[in-house]
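Chains as they are written, first to last, in our numbering: chain W, 1 to 140; chain G, 1 to 115.
Worth flagging that the hints you see were computed from the coordinates, not collected in a lab.
Where is the CB? At the ideal position from N, CA and C, for every residue including glycine.
Treat each hint with caution, since some may be false.
Said to hold, decoys possible - DSSO-like cross-link-like pairs, simulated, lysine-lysine; straight-line CA separation at most 30 Å: (1) W:Lys83 / W:Lys19; (2) W:Lys29 / W:Lys19; (3) W:Lys83 / W:Lys138; (4) W:Lys19 / G:Lys85; (5) W:Lys29 / G:Lys85; (6) W:Lys29 / W:Lys138.
To be verified - Not the full set, but computed from the structure, chain G residues with beta-carbon under 10 Å of chain W: (7) Gly8; (8) Val30; (9) Leu66; (10) Tyr70; (11) Ser108.
What the hints assert, rightly or not - Pulled from the structure, derived: some chain W residues nowhere near chain G, Cβ distances all over 10 Å: (12) Arg43; (13) Arg65; (14) Gly100; (15) Leu101; (16) Leu104.
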Amino acid sequence: MTHRISGFIKKMTINKPIKTRPKHLALHKIYLPLSGYVSILHRVSGAVLFLALPLLLLLLDQSLRSIETYTNLTEYLAHPLLKLALLGLLWAFLHHFCAGLRYLAIDLHLLPNLDAARAASKWVMAVSLTLTVVLGVKLW
Amino acid sequence: MVNRTVTGAHYGLRDWLAQRVTAAVMAIYVLVVVGYLLMQPSFGYDTWLELFTSNVMRTFTMLFLLSLFYHAWIGVRDIVMDYVKPAGIRLLIHVLVILALLVYVIWSVQILWGM
Chain W
1 MTHRISGFIK
11 KMTINKPIKT
21 RPKHLALHKI
31 YLPLSGYVSI
41 LHRVSGAVLF
51 LALPLLLLLL
61 DQSLRSIETY
71 TNLTEYLAHP
81 LLKLALLGLL
91 WAFLHHFCAG
101 LRYLAIDLHL
111 LPNLDAARAA
121 SKWVMAVSLT
131 LTVVLGVKLW
Chain G
1 MVNRTVTGAH
11 YGLRDWLAQR
21 VTAAVMAIYV
31 LVVVGYLLMQ
41 PSFGYDTWLE
51 LFTSNVMRTF
61 TMLFLLSLFY
71 HAWIGVRDIV
81 MDYVKPAGIR
91 LLIHVLVILA
101 LLVYVIWSVQ
111 ILWGM
């Protein structure tokens, strides 16, 4: 706001048109409600899942091809780094899934007001993170 | 009465709907598969292979994958349209994404019917 006022004063004192519109968004100053984070993480997780598609199709291929490739795959996936990558993908999927269900619920007018939609965004974060931890512990 | 000429490419509503229909197909598929696997007493290669041997399940899986690829196309296109400003680079990314998804379709058929 201050830059706008100073710009206005400048404009009055110097008789010359100066563009005072903000030229960029100060991302570090913008406060997002939780539903905003759910939304941007929906995008991020979607992009991550898209980029992981070749890997996921390869996993499906190797897991079904034969008992040998299946056994090899389970040995590869025992590697901690690969497990961590899969855990990341699991979170991406769970978040995308839960956040997507929330959007469908909003579209179907199942979350009629802001409070309900905000509460649902808490559920999205809680359920996707909890399931990631639970499944992660179970599969580790 | 206002006579307003609507302009645009007219794919907005169709893609909006397609994004939701494909999402519903994928959600049902995931719940069915996870439910089936949870009902099995143990998990191994045999359980996994058996799931994909019936033609019904292969078709359902293919439907899931096609929904996934169409869903991914709409999502990635929207992200690229939002963040990639130069038209040439945007077009190039769109073409690469479409080609990749088409290859994935062929690959999916090979996985499901070639095993």
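State the violated hints by number, sorted upward, taking the hints as numbered earlier in the document. Violated hints (numbers, rising): 1, 6, 7, 9, 10, 12, 13, 14, 15, 16; every other hint is consistent with the structure.
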